[in-house]
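**Q** Sequence:
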Amino acid sequence: MKSLIEKPERKKPERIINPEETRKVLDGVRDGARDALAKALRRKP
-16 MKSLIEKPER
-6 KKPERIINPE
4 ETRKVLDGVR
14 DGARDALAKA
24 LRRKP
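In our numbering, the protein residues as written are -16 to 28.
Think of the hints as simulated: they come from the structure by calculation, not from any bench. Misleading hints may appear alongside valid ones.
Said to hold, decoys possible - Quick list of simulated restraints, FRET-style, between CB atoms: (1) Lys27 - Ile(-1): 39 to 45 Å; (2) Ile(-1) - Arg26: 39 to 45 Å; (3) Arg26 - Arg6: 27 to 33 Å; (4) Asn1 - Ala21: 26 to 32 Å.
All C-beta atoms, glycine included, are put in the ideal place defined by N, C-alpha and C.
Let the sequences and hints guide you as you build the complete structure.
**A** Given below as structure tokens:
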């Protein structure tokens, strides 16, 4: 049991989520969706 406890954990380092980056990405996605929507609406008669 002791050897199991002493083994270093092979845990992947958790990715730190930067709120600024997340906001930027969400804004980009929103802008892309809006552009696509506008294009689709323009195409319709």
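**Q** Compare the structure with each hint and give your call.
**A** Hints, one by one, checked against the model:
Look at Lys27 against Ile(-1): about 43 Å separates their beta carbons, and that is inside 39 to 45 Å. Between Ile(-1) and Arg26 the Cβ separation comes to about 42 Å, which falls inside the hinted range of 39 to 45 Å. Checked against the given bound of 27 to 33 Å, the beta carbons of Arg26 and Arg6, roughly 30 Å apart, stay inside it. For the hinted restraint 26 to 32 Å between Asn1 and Ala21, the CB-CB distance of approximately 30 Å keeps it satisfied.
In the structure shown, no violation is registered for any of the earlier numbered hints.
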